[in-house]
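**Student:** Residue numbers (the working numbering): 371 to 630.
Simulated from the structure, these hints should not be mistaken for lab results.
Misleading hints may appear alongside valid ones.
Claimed, not checked - Beta-carbon label-pair distances, calculated as ranges: (1) 389 - 523: 35 to 45 Å; (2) 382 - 577: 33 to 43 Å; (3) 477 - 433: 49 to 59 Å; (4) 442 - 492: 13 to 23 Å; (5) 478 - 416: 37 to 47 Å; (6) 439 - 561: 34 to 44 Å; (7) 459 - 562: 22 to 32 Å; (8) 431 - 455: 33 to 43 Å; (9) 565 - 442: 46 to 56 Å; (10) 389 - 437: 37 to 47 Å.
Fair warning: this is a prediction, and the values are worked out from it, not measured in the lab.
Quick reminder that beta carbons are idealized off the backbone N, C-alpha and C, glycines included.
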Amino acid sequence: MTDQTLGAAHRTLRDEVTAELRRRILSGELAQGERLVEDRLAALLGVSRNPVRESIRVLAAEGFVQVVPRIGATVARLSVEEGEELFDVRMAIEGLAARLAARKRTPGSADRLRRVLESAKEAVEQGRLDDVADLNTAFHLAVGEAAGNSYLNLMMTPMLQRAQWVFSQTAAARGPHSWSEHLSLYEAIAAGDEDEAQARAVAHVAAARRSFLSAVDRAHDQPHEPHDQPHEPLDPAGEASGPARHPARGPVGPAHDPAP
């Protein structure tokens, strides 16, 4: 095996760990403010500490993790101000995406949107909130693809990842309303009505903003367990003395990294 092949294998493991940690953050399994202990996460995912450490750096660059010197890494907290900024950008970008999707609609693009809606309806009815959040992102990405603008898509992907982070906190309340709004948006796009598609996209984001702010108000009114410290005491090396907080979904890679 060449050095280049070894490097590729290492990057693949790091990417898998990054994707899994990102998924757990987006779904709320790793809560905002929760301490990220490398040894604990490595054991949970069945890997060594190296890919976990690298993944934390990647997620910090994406804004999902905050690293404080001599304290360590925690899941970032999404402030009200950041949420407001995100929704402002979503209104502009998703409104444009919907307008372009209606202008450039094809039977294929409309069919993709319809299939996501059908899957989402089933997920909402069955209460599969994690799937609802994933399908919410899939629908908006499909609108972006239908818009046929590569620059727009470059902006939408990271924006929608953060939007999914917000949506996962309000999915139980927003789910049914969100998908009726998606259906309305789909109908405008399929009809080729640019003005109506843009208006419905903006209205949909505005409704999501209101839901987010209501969720923040409820969180402030209710006592909750702080996540700034780990749930188990840490030894001087930073390892948790108790079991991992969240159940594992199974290892994402081998127990040891490829040799450097």
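**Student:** If you check each hint against the structure, which ones fail?
**Tutor:** Result: hints 1, 3, 4, 6, 8 and 10 break, sorted rising.
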